[in-house]
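Number of protein chains: 2
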Amino acid sequence: MNATITKTAITTDDLLSHLQGHRNLTRRTIEAFPEKEFFNHSLGGMRTFAEMIMELLGIAAPGVQEIVSGKSAPLVEHVDHENSKAKMLQLWDEATAQINVLWPQISEARFQENITLFGMYEGTVWSSLFYFIDNEIHHRGQGYVYLRSLGIEPPAFYER
Amino acid sequence: MNATITKTAITTDDLLSHLQGHRNLTRRTIEAFPEKEFFNHSLGGMRTFAEMIMELLGIAAPGVQEIVSGKSAPLVEHVDHENSKAKMLQLWDEATAQINVLWPQISEARFQENITLFGMYEGTVWSSLFYFIDNEIHHRGQGYVYLRSLGIEPPAFYER
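Protein chains in written order, with this note's numbering: chain A, 2 to 161; chain B, 2 to 161.
Certain hints may be false.
As the list claims (entries may be wrong) - Some chain A residues near chain B, calculated using beta-carbon distances under 7 Å:
1) Lys8
2) Thr9
3) Ile11
4) Met47
5) Glu109
6) Ala110
7) Phe112
8) Glu123
9) Phe133
What the hints assert, rightly or not - Listed next, the in silico DSS-like pairs over lysine-lysine satisfying Cα-Cα at most 30 Å (straight line):
10) B/Lys8 with A/Lys72
11) B/Lys37 with B/Lys86
12) A/Lys88 with A/Lys37
13) B/Lys8 with A/Lys8
14) A/Lys8 with B/Lys72
15) B/Lys88 with B/Lys72
16) B/Lys37 with B/Lys88
17) A/Lys72 with A/Lys88
18) A/Lys86 with A/Lys37
Keep in mind the hints are simulated off the structure, nothing from the lab. Beta carbons are placed, not taken as given, at the ideal position from N, Cα and C, and that holds for glycine.
Using the sequences and the accompanying hints, generate a full structural model.
Here it is as structure tokens:
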């Protein structure tokens, strides 16, 4: 990497903080849902927020694991949630802890390498990691509409 | 900047591409709305998508301008849109072009500096730029629910 032509926008440590700040906000969004509506409520024929969260659980920690190990596995978008928000929050927290352990194992050079994540999605490692974050923000924003349509105030977007 | 302790996750050039990819997707989301519903439709007592887009227009180009110039100005979340989607798209494109011109004027060191954007929002330059992107993704995700509730298929999230 040549410092004369490559300027750093964000470091790997800062990106982890950024990602975990978003995970923290998504956790509080899950908490804001009533138990029943988390699993049942939707708008416009879309998925429930529980289904979206299962997708996010399938992507973040398994994705970082694949980036570290180089071993591809299929995307799994369902978990045994036992119809329980507490169980989903437990799985969320486990994924958060797993990402913190794995993250320092991603070398600087790795961020610029190409990867075919889950055997399907081509990109660089950095673009894949941003996809994880962006997809989480996207679905959480949809969860905010679900909450508002239930008359519930979502958590403040700027608090992480 | 010490290369032994600071690892680059994403370069400034890549971050500009990333940001502009999102702006491109948001543009196509605006296009997907019928003229009337863009200005009138909402769910859960929330703002219309047009109002959200005006917020985004107030943030991105003026925010990058402030990062470059160091001169603070209040956040303006309203524009003269003439109740016309075409006018909003024109303002969107002008902002996109303005960001492309301004971006190379942000030095590498500037990304780590502190800023109080619009005289109100404290953070680093990098965290402010990510806020612009994240806030756009957040509201665009809400626009997707509006579109689905109108029976309209939103643009593919992964296409930029």
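Hint-by-hint comparison with the structure:
Residue-level restraint check for A/Lys8 holds (minimum Cβ-Cβ distance to chain B is 4 Å; threshold 7 Å). Taking 7 Å as the C-beta cut-off, the interface hint given for A/Thr9 holds, the closest approach to chain B being about 4 Å. With its C-beta approaching chain B no nearer than about 5 Å, A/Ile11 sits inside the 7 Å limit, and its interface hint holds. For A/Met47, the shortest C-beta to C-beta distance to chain B is roughly 5 Å, which falls under 7 Å, so the interface hint holds.
Hint status for A/Glu109 relative to chain B: holds, with the closest Cβ pair at about 4 Å, below 7 Å. Annotation: A/Ala110 was flagged as interfacial toward chain B, and the flag is violated, the nearest CB pair being 9 Å apart, outside 7 Å. A hinted interface residue such as A/Phe112 counts as satisfied when its beta carbon comes closer than 7 Å to some beta carbon of chain B; here the least separation is about 5 Å, so the hint holds. For A/Glu123, the suggested interface contact is broken, since its CB lies about 11 Å from the closest CB of chain B, more than 7 Å.
Hint on A/Phe133 is violated. Least Cβ distance to chain B is approximately 12 Å, over the 7 Å limit. For a cut-off of 30 Å, the pair hint linking B/Lys8 to A/Lys72 stands: about 23 Å separates their Cα positions. This hinted pair checks out: B/Lys37 and B/Lys86 have alpha carbons roughly 9 Å apart, not beyond 30 Å. Among the hinted pairs, A/Lys88 with A/Lys37 is consistent with the structure: their alpha-carbon atoms are about 14 Å apart, no more than 30 Å.
Restraint check: the Cα-Cα separation between B/Lys8 and A/Lys8 comes to about 11 Å, which is no more than 30 Å; the hinted pair holds. In summary, the hint linking A/Lys8 to B/Lys72 is supported, as the alpha carbons are separated by about 23 Å, within the 30 Å threshold. Among the hinted pairs, B/Lys88 with B/Lys72 is consistent with the structure: their alpha-carbon atoms are about 27 Å apart, no more than 30 Å. For the hint pairing B/Lys37 with B/Lys88, the CA-to-CA distance comes to about 14 Å; that is within 30 Å, so the pair holds.
Proximity of A/Lys72 to A/Lys88 is assessed by CA-CA distance (about 27 Å); at most 30 Å being required, the pair is judged to hold. Only pairs whose Cα atoms come within 30 Å are accepted, and A/Lys86 paired with A/Lys37 is accepted, the gap being roughly 9 Å.
Hint compliance for this structure: hints 6, 8, 9 are not met, and every other hint is.
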